[in-house]
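Asker: Okay, here's what each chain looks like letter by letter:
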Amino acid sequence: GESVGLHLPTLSVQEGDNSIINCAYSNSASDYFIWYKQESGKGPQFIIDIRSNMDKRQGQRVTVLLNKTVKHLSLQIAATQPGDSAVYFCAENIFGVGNTDKLIFGTGTRLQVFP
Amino acid sequence: AAGVIQSPRHLIKEKRETATLKCYPIPRHDTVYWYQQGPGQDPQFLISFYEKMQSDKGSIPDRFSAQQFSDYHSELNMSSLELGDSALYFCASSLGLRLEYGGRYGETQYFGPGTRLLVL
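Residue numbers (the numbering used here), protein chains in the order written: chain A, 1 to 115; chain U, 1 to 120.
In isolation and in its complexed conformation, chain A is listed as follows (with noise of 0.2 Å):
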């Protein structure tokens, strides 16, 4: 993904807000899209995804919707916690030489929840 150094985008939202991180991927042929959250010092962690046979798929206070036609996926979390504070990630998964896989991040959002 396109790097941008230290100054990652910031999103701040009230608690109880509903908020919604945007995501463009680059690859037209990719077909499984993954939206991983990351806390300061810890690994990504999976939240929730979505293949591309689907253009909306629903968790717990979580939904990514996709738009193949313009490459564009979303995350939107409902109501907000000050847990929910953290930098995400859309990561979009790619075929590598022979059967093999790898993820492709975007930059990532940061989210701050405020009171």
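It cannot be assumed that every hint is accurate.
What the hints assert, rightly or not - In silico DSS-like cross-links for lysine-lysine, where the CA-CA straight-line distance does not exceed 30 Å:
no., chain 1, residue 1, chain 2, residue 2
1, A, 42, U, 22
2, U, 57, U, 22
3, U, 22, U, 52
4, U, 15, A, 42
5, U, 13, U, 57
6, A, 42, U, 52
7, A, 56, A, 68
8, U, 13, U, 52
9, A, 56, U, 22
10, U, 13, A, 42
11, A, 71, A, 56
12, A, 56, A, 42
13, A, 71, U, 57
14, U, 57, U, 15
15, A, 68, U, 57
16, A, 42, A, 71
To be verified - Derived DEER-like restraints, expressed as beta-carbon distance ranges:
no., chain 1, residue 1, chain 2, residue 2, range
17, U, 65, A, 52, 16 to 24 Å
18, U, 1, A, 54, 22 to 30 Å
19, U, 82, A, 83, 35 to 43 Å
20, U, 98, A, 55, 17 to 25 Å
Hint data in this document are derived by calculation from the structure and do not stem from the laboratory. All values derive from a computational prediction rather than experimental measurement. A virtual CB, placed ideally from N, CA and C, is assigned to each residue, including glycine.
Chain U: place on chain A using the hints.
Answerer: For chain U alone, coordinates are given in the frame of chain A:
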């Protein structure tokens, strides 16, 4: 549920030294991936292994090598360390690619807590 285990969690090395990072995948996961994440950046794919064979390589320097052992754990060996190698190194594991209905489907990659490498 068991997660991916990485060791050590923190490592401080001098320039030109070597380092070995270890990864223990989730039980029954046969595919291991290594990613490097610089400060404020997104994780970048380095290398992957499936059934103890190297699968794919990304932007991994020639100074780095890796392997997967018979118990599926993996080690990333880094030699002639440079200041720019300072980063978080993550290991992820998955069930690899699922082949069915004439197609290929990626499975979810689960990440370990990472090793923070600082090269002085």
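Asker: Give a verdict on every hint.
Answerer: Cross-check of the supplied hints:
1. A:42 to U:22: 16 Å, holds
2. U:57 to U:22: Holds, at about 18 Å.
3. U:22 to U:52: 14 Å, holds
4. U:15 to A:42: 25 Å, holds
5. U:13 to U:57: 25 Å, holds
6. A:42 to U:52: 27 Å, holds
7. A:56 to A:68: The hint holds at about 11 Å.
8. U:13 to U:52: The given pair, whose Cα atoms are some 28 Å apart, holds under the 30 Å limit.
9. A:56 to U:22: Not satisfied, since the Cα-Cα distance of roughly 37 Å exceeds 30 Å.
10. U:13 to A:42: OK: residue 13 of chain U and residue 42 of chain A at ~21 Å, within 30 Å.
11. A:71 to A:56: Holds, at about 14 Å.
12. A:56 to A:42: 28 Å, holds
13. A:71 to U:57: 25 Å, holds
14. U:57 to U:15: Distance of about 24 Å is within 30 Å: holds.
15. A:68 to U:57: With a Cα-Cα distance of about 27 Å, the restraint between residue 68 of chain A and residue 57 of chain U holds, given a limit of 30 Å.
16. A:42 to A:71: OK: residue 42 of chain A and residue 71 of chain A at ~28 Å, within 30 Å.
17. U:65 to A:52: 16 to 24 Å: 35 Å, violated
18. U:1 to A:54: 22 to 30 Å: 25 Å, holds
19. U:82 to A:83: 35 to 43 Å: Once the Cβ atoms are compared, 37 Å apart, the range 35 to 43 Å for residue 83 of chain A and residue 82 of chain U holds.
20. U:98 to A:55: 17 to 25 Å: 22 Å, holds
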